[in-house]
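Peer 1: Residue strings, one per chain:
There are 4 protein chains.
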Amino acid sequence: MRIDAEFIQSHNGKTLSDHRESFAYLSGKLDRKGVDVSGFIQKISKFQIAIPSWALGTGGTRFGRFPGGGEPRSLEEKVDDVGLLHALNRASGAISLHIPWDIPSDVDAIKAHAASHGLVFDAVNSNTFQDQPAQAHSYKFGSLCHTSHAVRQQAIDHNLEVIRHGEALGSKSLTVWLADGSSFPGQMNFRKALQRTLDSLKEIYAGMPEDWKLFVEYKPYEPYFYSTVIQDWGTSHLLASELGDRAFTLVDLGHHLPNTNIEQIVATLMMRGKLGGFHFNDSKFGDDDLTVGALKPYQLFLIFNELVEGMEDPRSTNPSPAWMIDASHNLKDPLEDLLQSVEAIQLAYAQALLIDRPRLEEARESNDPAKAQELLQDAHRTDVRPLIAEARLRAGAAIQPIEAFRALEVRKRLIEERGAKSISTGL
Amino acid sequence: MRIDAEFIQSHNGKTLSDHRESFAYLSGKLDRKGVDVSGFIQKISKFQIAIPSWALGTGGTRFGRFPGGGEPRSLEEKVDDVGLLHALNRASGAISLHIPWDIPSDVDAIKAHAASHGLVFDAVNSNTFQDQPAQAHSYKFGSLCHTSHAVRQQAIDHNLEVIRHGEALGSKSLTVWLADGSSFPGQMNFRKALQRTLDSLKEIYAGMPEDWKLFVEYKPYEPYFYSTVIQDWGTSHLLASELGDRAFTLVDLGHHLPNTNIEQIVATLMMRGKLGGFHFNDSKFGDDDLTVGALKPYQLFLIFNELVEGMEDPRSTNPSPAWMIDASHNLKDPLEDLLQSVEAIQLAYAQALLIDRPRLEEARESNDPAKAQELLQDAHRTDVRPLIAEARLRAGAAIQPIEAFRALEVRKRLIEERGAKSISTGL
Amino acid sequence: MRIDAEFIQSHNGKTLSDHRESFAYLSGKLDRKGVDVSGFIQKISKFQIAIPSWALGTGGTRFGRFPGGGEPRSLEEKVDDVGLLHALNRASGAISLHIPWDIPSDVDAIKAHAASHGLVFDAVNSNTFQDQPAQAHSYKFGSLCHTSHAVRQQAIDHNLEVIRHGEALGSKSLTVWLADGSSFPGQMNFRKALQRTLDSLKEIYAGMPEDWKLFVEYKPYEPYFYSTVIQDWGTSHLLASELGDRAFTLVDLGHHLPNTNIEQIVATLMMRGKLGGFHFNDSKFGDDDLTVGALKPYQLFLIFNELVEGMEDPRSTNPSPAWMIDASHNLKDPLEDLLQSVEAIQLAYAQALLIDRPRLEEARESNDPAKAQELLQDAHRTDVRPLIAEARLRAGAAIQPIEAFRALEVRKRLIEERGAKSISTGL
Amino acid sequence: MRIDAEFIQSHNGKTLSDHRESFAYLSGKLDRKGVDVSGFIQKISKFQIAIPSWALGTGGTRFGRFPGGGEPRSLEEKVDDVGLLHALNRASGAISLHIPWDIPSDVDAIKAHAASHGLVFDAVNSNTFQDQPAQAHSYKFGSLCHTSHAVRQQAIDHNLEVIRHGEALGSKSLTVWLADGSSFPGQMNFRKALQRTLDSLKEIYAGMPEDWKLFVEYKPYEPYFYSTVIQDWGTSHLLASELGDRAFTLVDLGHHLPNTNIEQIVATLMMRGKLGGFHFNDSKFGDDDLTVGALKPYQLFLIFNELVEGMEDPRSTNPSPAWMIDASHNLKDPLEDLLQSVEAIQLAYAQALLIDRPRLEEARESNDPAKAQELLQDAHRTDVRPLIAEARLRAGAAIQPIEAFRALEVRKRLIEERGAKSISTGL
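Protein chains in written order, with my numbering: chain A, 37 to 463; chain B, 37 to 463; chain C, 37 to 463; chain D, 37 to 463.
Don't read these hints as lab results, they were simulated from the structure. Wrong hints could be hidden among the right ones.
It does not matter which identical chain is used: a pair holds within one copy or between any two.
Below are the BS3-like pairs computed for lysine-lysine, each with C-alpha atoms no more than 30 Å apart in a straight line [unchecked claim]:
id : residue 1 : residue 2
1  : 228       : 82
2  : 228       : 79
3  : 448       : 176
4  : 79        : 65
Could you build the full structure based on these sequences and the hints that come with them?
Peer 2: Next comes the structure, spelled out in structure tokens:
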């Protein structure tokens with residue numbers, strides 16, 4: 037199914053006058069503070085967040101999976117789902133594929149299909165954490181770090197193949213999340229494993245087109261429970277530095293030990309020109325992959341404070357980071373969840389843009405933490421929802437995407453189309 | 037020094053028209069949603085937060101202390117400081133004393149002094165985590181749990197003496213935070229220590245006036261680093277249950293292991309009628325005692341969601357909890373810090389009051405987590421600052437307390453009065 | 037396959053003289069310290085650890101599963117596998133079943149089969165965290181706590197059915213691990229959920245035979261990632277207390293927040309007479325379900341220190357706890373892993389038995405933490421492996437179970453019997 | 037006081053035959069396994085651990101301090117205390133000074149004094165986390181990272197002065213632990229702070245003699261509670277890499293977030309040739325600074341597994357790390373605590389030396405985690421105390437240092453000499 041512009045316009049009609057009042061009030065206030073509201077809204081509109089193909093179906097845990105219905109049965113239907121989101125919020129204009137789950141049978145057709153939704157293909161993702169049916173060697177004990185040359189070569193070849201698929205689709209980057217690790221003390225020779233991983237990554241890096249970037253994720257645990265080869269940003273940064281100028285660290289919010297100051301990691305990576313991208317989600321305990329902003333919206337805002345500071349610094353050498361959601365939807369409707377996530381990201385971004393940076397720097401220089409806190413809180417406490425809604429309205433999207441999604445009974449219609457028992461490919 | 041009403045009125049004048057516009061906008065919106073704005077503001081006004089006497093000076097860590105200036109040199113000056121806060125926000129109408137640091141020399145005089153600021157005396161706090169100069173026995177190895185009967189008796193007697201001081205001042209509750217614990221495996225017989233603690237608490241409980249309450253805090257570590265006798269709410273609840281109807285658990289936000297779901301603990305205690313009180317602060321790593329709302333404002337809101345739900349439940353048997361800030365001000369001006377803390381508490385309370393509870397229950401009953409999240413976020417994302425400001429305005433307090441505090445150069449004047457090297461008694 | 041006594045005897049022959057020397061040395065030393073070595077070995081021999089039926093196959097994570105081979109295809113083969121373990125170590129004389137995975141088709145036959153291996157049936161486990169094919173209602177949003185009466189009734193009925201199966205097999209207890217929880221703030225009304233859970237448990241409790249016990253597990257998170265209904269021992273203890281004398285808390289080592297002092301929880305529960313049983317495993321990050329003793333053997337020893345103290349206290353009202361391993365074997369051969377786990381438990385138990393308790397109490401009474409530490413470390417640093425080996429030798433088991441397992445090529449033979457692709461029922 | 041050799045010899049006499057039996061048994065077993073026991077004991081003997089001057093008195097927490105007695109009142113007496121330890125264990129042959137607490141008035145005299153005890157001066161430590169009485173600028177808001185040039189210069193100058201003191205004493209390295217950080221979001225510009233820190237460190241590095249090393253510590257929090265400038269090994273490594281070949285990372289065991297895999301960090305740093313040194317202690321919750329090995333002896337062993345692997349790797353470019361205890365003694369006698377710590381380090385080192393590395397590598401290469409675990413556990417479960425005792429015996433030290441310390445009533449004599457109220461300088 038597709039959502040047509042008329043429906044959106046008519047749905048917007050119901051809340052338009054309310055919205056206009058709220059927007060007038062807020063833009064008036066910001067105007068008087070010297071904020072260029074139009075420029076502000078343009079920044080919001082330009083900020084596009086990629087949707088991962090694997091987040092369109094119901095996820096699960098090791099204990100079980102409770103499927104919803106109407107899940108996309110093919111790559112085409114995954115593109116359709118992202119198209120639905122983008123029609124509703126005009127902020128999800130990219131899809132990130134996972135190989136081998138999403139190998140297109142007809143590249144041109146799928147590109148045209150995506151284009152018809154206004155979508156492009158973001159970073160491609162390789163998978164060396166599962167064994168595929170026809171696979172010669174198992175990744176049970178690792179892939180790029182494996183003790184056996186044959187396994188490493190298979191994993192390298194897979195990544196090179198992913199790059200070829202991505203090239204055909206117009207992607208410009210490869211994200212490597214390496215599950216490799218160990219579950220028992222003694223199991224792995226840490227130094228050899230790291231060296232082998234670096235050597236493997238070098239071959240992948242060498243196989244990338246000149247205009248591509250390589251994103252190296254880190255994660256402290258899971259699916260292995262004692263060590264992971266790339267346990268933290270320091271290890272990822274070390275690898276990316278050895279690999280070269282087009283290798284970067286990718287930060288996934290859920291991939292940190294309890295209490296980690298993630299915003300400082302972001303700042304450090306941007307200072308080094310090595311922040312490649314972001315996987316947004318939220319969590320309370322581990323890599324819980326929950327809706328962005330559902331648990332710690334202030335932390336998200338603090339991270340955007342660093343991102344905005346880095347992006348707006350004219351001396352920064354850091355390329356514009358890649359933005360992607362990486363979540364798992366065990367309980368909520370995946371599309372509702374993604375709409376909530378995108379909105380939470382936009383709110384945090386908008387609030388971070390509102391921070392009075394000259395006065396913040398002044399407070400910092402004069403060591404006035406109370407004032408610095410006031411300035412951050414002033415931005416965070418501002419109800420910026422009318423700005424996001426206005427950005428959507430101007431882009432032809434819904435003032436209230438989730439309400440529109442529910443009013444249109446999208447899920448019901450998807451179930452009618454695809455069945456109640458469809459399972460998203462790859463899950 | 038005292039802040040006179042005229043100053044506040046004149047300071048308010050500068051932002052009055054701005055405030056009126058914001059308040060009109062917000063109250064209009066809430067009106068249309070069916071919120072009784074006046075009743076709402078009355079609830080905010082009635083919500084008073086006690087200030088602990090030990091939070092008025094500069095705190096420190098084991099590594100050092102960097103004093104500010106103008107710290108209160110006596111109990112009278114501590115009362116004055118809380119009076120300053122209360123004059124600015126009309127939300128800090130109580131002071132919580134710590135014995136032996138705050139033993140009044142003339143009870144009637146100090147009561148009259150407090151009354152002149154509009155202050156009452158909240159829970160009194162005992163101290164068995166430090167040795168006082170003239171003390172017969174050391175608390176190095178515990179107090180109420182100590183292996184020696186003489187030490188336990190000394191600690192019991194101290195608590196009874198604290199009750200007597202509190203009675204004279206009009207307090208109605210005793211807060212017992214027990215540092216008792218151990219730093220090494222094997223050091224302590226857990227069961228004997230818990231039994232001795234219970235026995236000691238029984239004697240204290242028996243010594244309380246009939247209309248008093250006993251609050252039992254819990255904390256997982258610090259100042260001992262392996263175990264504490266009352267390590268969690270479960271242990272505190274067990275003790276409070278054994279003690280009787282007037283014994284309750286007190287929750288200090290910083291006294292939890294990483295990732296604890298504190299709001300659920302609050303809900304469980306209220307369900308049992310056993311939540312006695314709250315120590316507000318914020319933290320990232322441990323018992324950091326930072327400004328309330330400075331790190332995790334959404335968590336604070338979620339906690340108030342439970343508190344409001346419990347307080348507004350007509351079937352609840354839980355008495356109205358005691359509200360207190362418990363923070364340590366190592367870097368900020370203590371009074372600015374406390375103004376920020378009180379405001380953060382008020383904002384969280386106001387947002388929690390705004391939650392559309394009937395629809396929330398409906399979402400819960402129909403297992404719609406996306407909708408439940410929308411409802412919570414709608415309340416939390418609302419900029420409720422105009423409501424708090426209006427509550428203050430109506431009570432004769434400052435629209436913007438910190439700005440008023442800075443405009444009046446309160447700290448400068450306190451330093452002139454008390455000197456740059458004054459150290460708050462007890463620190 | 038079965039392991040016959042002759043093989044074990046002949047395998048023992050290879051290391052017998054080495055063992056005799058080690059045992060002679062150690063028993064000589066202990067003798068001189070006044071330890072009754074024979075009594076000691078009898079205690080070790082009597083300590084039997086139940087094996088859960090679900091730990092006999094390869095486990096997995098949400099990211100995938102890398103199966104081994106020769107996994108048991110039926111309840112009979114699961115009993116056979118535990119029989120193999122018990123033949124090798126004579127310390128795994130019980131099996132704990134999981135319903136509906138392990139419903140016996142012929143109860144008498146399976147009882148006879150188990151008896152032929154020297155095995156009894158330990159606690160039975162219910163499953164309300166997954167949906168079974170023919171199930172009327174889904175547990176997606178909980179079971180005993182569910183908002184819908186029909187779902188709760190279904191879950192209650194399932195537990196009652198589990199009891200009936202257990203009764204037929206000779207079990208004497210039901211373990212309830214409740215996955216119930218929520219993944220998003222606001223999703224669940226904490227108080228109502230806890231009340232409904234208590235009400236449901238009351239019906240199950242009422243349906244137990246008079247000589248049965250109910251074990252209530254707790255867990256802070258997973259498979260839900262914001263809250264669980266029974267988040268900690270305090271909640272479990274509260275439920276068990278309300279239920280009655282035959283309801284107890286069950287401690288699973290992996291079900292705690294970071295840094296929790298588990299040994300103190302054990303001590304408190306035993307003091308209250310409410311420790312029902314134990315699920316042994318080890319972990320670094322969460323509920324990692326790794327081999328017992330693989331990560332934190334000293335913590336395990338400290339827990340046994342409390343267990344032994346509680347078990348040997350003549351005034352204790354706590355019944356003898358149920359001992360069970362609860363682990364997941366993603367990488368190792370499940371049977372090797374279980375042999376390692378049992379040995380680690382035995383070592384910790386033996387070391388805890390060696391603690392010089394009178395002197396420890398003396399050190400505690402005189403507040404001498406250095407001495408208390410010396411006494412614990414003296415026991416833990418003692419190489420007690422010869423004692424465990426001797427206990428095995430006397431019981432007709434292998435001096436070195438894993439070596440025997442490997443020498444006999446058990447896994448190879450199981451693969452021959454059952455195939456390389458067999459998957460343990462339930463996984 | 038000094039401990040004379042005769043006392044030790046006579047004290048050893050009491051347990052000599054017991055020791056000889058144990059040693060004979062163990063060395064016989066190791067012999068048969070092909071271990072070169074004499075070479076082994078030489079390695080143990082050569083392993084010397086520096087004692088920090090600040091660990092000789094009673095430490096405290098922010099809540100209080102419970103002093104013992106007989107604390108060293110001067111640098112001379114601190115040297116005496118380390119001399120006492122070294123006499124007892126012949127493994128504490130170095131002292132690490134802290135400036136300004138330990139500025140020697142007569143360098144030659146103190147060097148001679150140390151030499152008379154067989155002691156050398158290890159790394160010197162600077163202090164920019166406290167304000168000294170005569171100091172021009174405050175470190176309240178940082179030192180090397182401070183926004184003010186004058187404060188940074190003062191901190192740089194202090195470090196250069198520390199180097200000069202160290203040079204005079206024969207030290208060869210400077211340890212910089214930088215408390216610098218922030219307690220509130222927004223307070224600090226992370227990137228500027230890190231840049232300023234790097235610039236300041238460059239000046240200190242430039243001021244070091246050619247044969248000196250600079251050790252850069254990291255720590256995630258405390259005394260600041262939101263961020264620290266050098267929050268993790270990645271940041272320290274980044275700074276050390278920028279500084280040059282003689283700058284290294286120093287690992288303090290207590291300076292990590294919960295669940296960090298420290299042993300892997302050690303392995304990574306050694307692989308990069310960047311592990312400069314070690315601060316040993318133990319902890320359960322944070323930087324608890326408890327006795328080494330008191331909480332997590334197996335983790336300590338796993339760390340030594342990596343250290344030994346790195347040290348014995350002929351291709352390693354990592355210089356021999358500096359070994360130091362960094363602990364705080366709040367409850368135990370500081371000297372007893374240090375004796376326990378040194379012994380725990382020696383035991384972990386000895387066990388790590390016992391690991392059968394060829395077979396471990398074989399298990400790793402063949403992905404056999406059960407076997408790898410067996411090999412590590414075999415080493416860790418071996419009671420190596422007789423080897424350490426034998427090393428001490430051969431070096432003229434006590435077979436049982438703590439027993440000797442108690443038999444000699446050292447503390448009692450120190451109190452007689454120095455008084456019950458002496459406070460160690462600097463505390």
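Peer 1: Going through the earlier hints one by one, which of them does the structure break, listed in rising order?
Peer 2: Nothing - there is no hint that the structure violates, so all of them hold.
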